[in-house]
Every structure is written in C-alpha cells, then in structure tokens.
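Participant: As given, the protein sequences belong to chains W and A, one line each in that order.
When the letters of the first sequence are read in order and numbered with the numbering used here, they come out as residues 1 to 264.
When the letters of the second sequence are read in order and numbered with the numbering used here, they come out as residues 265 to 528.
Think of the hints as simulated: they come from the structure by calculation, not from any bench.
Careful: at least some of the hints might be erroneous.
[Said to hold, decoys possible] Only some residues are given here: those of chain W computed to face chain A with a beta carbon under 7 angstroms:
| # | residue |
| --- | --- |
| 1 | 27 |
| 2 | 98 |
| 3 | 99 |
| 4 | 101 |
| 5 | 125 |
| 6 | 159 |
| 7 | 165 |
| 8 | 187 |
| 9 | 189 |
| 10 | 197 |
| 11 | 202 |
| 12 | 203 |
[Unchecked claim] Covered by chain W, according to a simulated footprint, are these stretches of chain A (three or more residues, beta-carbon under 8 angstroms):
| # | region |
| --- | --- |
| 13 | 272-285 |
| 14 | 380-391 |
| 15 | 458-467 |
The structure displayed is predicted, hence computed values, not measured ones.
Ideal Cβ placement from N, Cα and C applies to all residues, glycine included.
Protein chains: 2
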Amino acid sequence: MEYNLKSDFWTCAHQMADAARAAILPYFRKALVTTNKDNSGFDPVTEADKSAERAMRDVLGQLRPQDAILGEEYGHQPGSSGLTWVLDPIDGTRGFISGTPTWGVLIALSDESGPLLGIIDQPYIGERYCGGLGQATMTGPHWTRDLAVRHTSDLTDATILTTFPEIGTPTEKDAFDRVARACRLTRYGMDCYAYALLAAGQVDLVVEAGLQAYDIQAPIAVVQAAGGIVTDWSGGPAHDGGRVIAAATPELHAAGLSLLNGNA
Amino acid sequence: MEYNLKSDFWTCAHQMADAARAAILPYFRKALVTTNKDNSGFDPVTEADKSAERAMRDVLGQLRPQDAILGEEYGHQPGSSGLTWVLDPIDGTRGFISGTPTWGVLIALSDESGPLLGIIDQPYIGERYCGGLGQATMTGPHWTRDLAVRHTSDLTDATILTTFPEIGTPTEKDAFDRVARACRLTRYGMDCYAYALLAAGQVDLVVEAGLQAYDIQAPIAVVQAAGGIVTDWSGGPAHDGGRVIAAATPELHAAGLSLLNGNA
C-alpha cells in the first residue's frame, strides 16, 4: 500500500476517534437511560454508544464512502473498495456505566485477511493506542510513546488479564484458570484496555471468550503492531471473535495455548 | 474545628497529594525494580511507593510537624496534636505494576474517632476525590463536580465492586459471593478507585477484606462526605481495616451486612 494512502487511512481513523470522543464524553458519568438488547443478560446500550457510532459513520461518509462498515450498533453497510471499517463505539459498556476508565472506542480497518490498522481510544483519560500500517504508538495525558510488548518468556513471570472471572462457559472458565494458575499475577476488569496494556509492555497475556469481530479487530492490529501475537484458542485467526488469546511473545503464546487446550 | 484550620488542613493535604503525584509519575509504566515484602505472597514495593511517601512526609515536616504520621512504607511517627496523617502512597501496587489507572494515593487526617478528611488521588488520569471537613468534591481532566452517592435501595439494582474475586479467606469469598449474587452487576479490579466511583454516584457497593488502616481511612472520609456508609462486616467502625463494606444507602448497607453474615 502506498505511503500517502496509509496516511489517508490514519487521518480518517483519527478523525473518527475524535468524533467518537466528542460524542461520548457528555454521557460519561451521567445518569444513563439503558436498554437491554438481550433479555437473558445485562447488555446495556447507551445513547452514547449510538451517538458515537453515528459520528464515526458520518466521518466515513465524507472521507471514505467507498468502504464498507461493520458497527456494533448499526450493523453492516456494504462498500466497493474491499475494505471494511469495524467499529465498536463503546467496548466495555458495563465498565462505562460503572464509571471505570477502562472502556474504549475501537476502530479497525480490515480486508478479508484481517485488520490492517486499529485504534483503542480511551476518551476520559485522553489516551489513544494506534497500531498498523507502519505505526505502533500511544498518546496520552503525560507522554507519547512507541508501543512494544515486553519480552516475558515464562508464564511464572507473566501477568494475565481478562474482564470477568466467569470468562464464558464453565469449560472456558476452567481453561482460563489453568493458564491463570500458571501465571504470576491475574487481574480482572480492564475491558479492551487490557490489550492496550499488553501493547504498551505492561502485561503479558489477555485471554477472553465470547467476543464479537468488532470487539477484537482493533486490539489485534494494536497488539500485532507492538510485536505481540493474537489468535483464537486453536492458534488460528481471531478476527471473527470468539475465544481469543493475546500474548507478548511466541513462548507465552505457545504455553498459554497448551494449557487452554487441556494440557497440564 | 474553626474554618481557617479546616482550610489549613486541606491546603496541606493538597500539597501532599501534589508532591506524591510528582514523585510517582516518573515511575509509572516504566520497568520497575520490585521487591517482595512478604515471601508468601506477591506484594511489590516500588521505588515510587517509597519516594512518594518521603515526599508527603517532607510536606508534613514543613507544614504540620506537630501531627503524627502512619504510612505504609515508613511506619509510625509520633506527634503531639492528637491528629495523625494516614498515608498509602500507592494503594493498588499490583494495578500499578500492571499499568492500570486504578491505583491511587491515599491521604487521610484522623483523630482517635476516625478519619476527618480524605483524598483519593489518581495521578495518571489527573483525578482527585476529596471528602471531609465540609468538602465533597472531585476534580479531573474534564470537570469539577460535587461528590454524592446515588439513591439505590435494592441490591437487585446495585453494582458491586471489589478488587480480587478471591476476596480473602474462602469464608470471606463465600460471604462476598452471597452479596454479589444478589446484585445486578459485579465488577473487579478497581483497587481504591472503587471507593471513588461509589462517592461519585457511579456504583453502589464496595466489599473487601484484609485491608490495613492506611488502605481504608481516606476512602472512609471520601465516601462518608458523599453521603455513603462505611463499616466493617459487623456494622462497627472500619478505620482499623480488616473486612469492609461501603454502601451508597442505609438500605443497601443493611441488606449487604445481612448477606455477609450468612442470612440468605
């Protein structure tokens, strides 16, 4: 891909992230009207979520009308370029309604092979993690830094993150627990921020299940750009969601996969 | 207590929090040398922790040399005023070394009856939650707001927070789980930030065990100033640490206590 096209994609992605920030922040830590998408669980959809996705789609309508869009709130819109913008305006809605600064705006640009670039944006802190098309950078309130995973090779030295201790099914929980027991430290509750911390070299593993494509495509791009590895639990591509393992190094990835798949 | 004395205390507390911020931030998200205080567990002590406590003690040496100090890193220093500054330079060291923005600097001023004022400061985000001596305010990157708990009265509408799903002993975990199962939403991993979110009206309950006095005195002051209730699991004072329940309303506090104590 030519350099100026790469630059155009990043310009567009940053404009989308800026628009989403502006749309979401007025709703953060206010009393929210939430509706349950799924009566069997607790999946709040906020006005902020919808407003941010509309704002991002407006930017795309102006700058990249030829691209397809897959968004959590407003579904799929076809395009003609072979490229798709994959959007989760608020990943971590439970965190959002609890006021935690761990939710994020997820933006990915993908072709049929997977994500080419990704942004994990945390509007309240004012942090943006960018990866792909030659970039691996975070900007935040105190500094701008290159993203790079750290070089942990043994699970006994590793910090592992996931959002809920339940993970998913009981089988999935058992699989996660096998990995977590082998690690030095397990932390919960970080939503998509976990992948940002992995890309920033702060933690070593993120393991989750039950993800959607729009939950994971931006994290894949950011983690891969920082030198990490993201696959599903069988070692295949993770960009369609489902069960995901993201690791700082090939050694941790292999050791994590082995435990996830029942080897003790 | 006279107004100008209240003001002096707050001036001193803010100077301490400012000094701690400046001492800690250069260490956050850098490769850290950690040492284990307790070989049986994982209790990292960072240079940041020690540096921040020294910085706060320096402020007290200049402004309030007559007060006693109880700090996590450097222990007890006697005073003559009947007042004690209770300091945890980095509450949530595991969060800190993982790069999460959920750790905080805890500062309380206490007499023998308990905390009179408290600060929960999050240096990376740039947020400060202040409660006591007539204040209940948070300042952050986007706004300054009064702190006030929300008016949730039923556990079925409540969001409950704690840091680790293990809580403490198996008995303590069972007790927590009885409360959590009755709540609408359970979230983990927030360290002292959980109490800030309770005081800001974002969540309804925080339940923890195994706390030290310096872990809880500042949160007590902030939550109480916002209209909430903090006790131990038997309903008595919590300022010596141990098992703590913090609730937005008397109804939630009573319902939580009942479940913690084995009533189904």
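Participant: Honestly, which of those hints from before does the structure not fit?
Facilitator: Going through the list in order, the structure violates hints 1 and 13 and respects the others.
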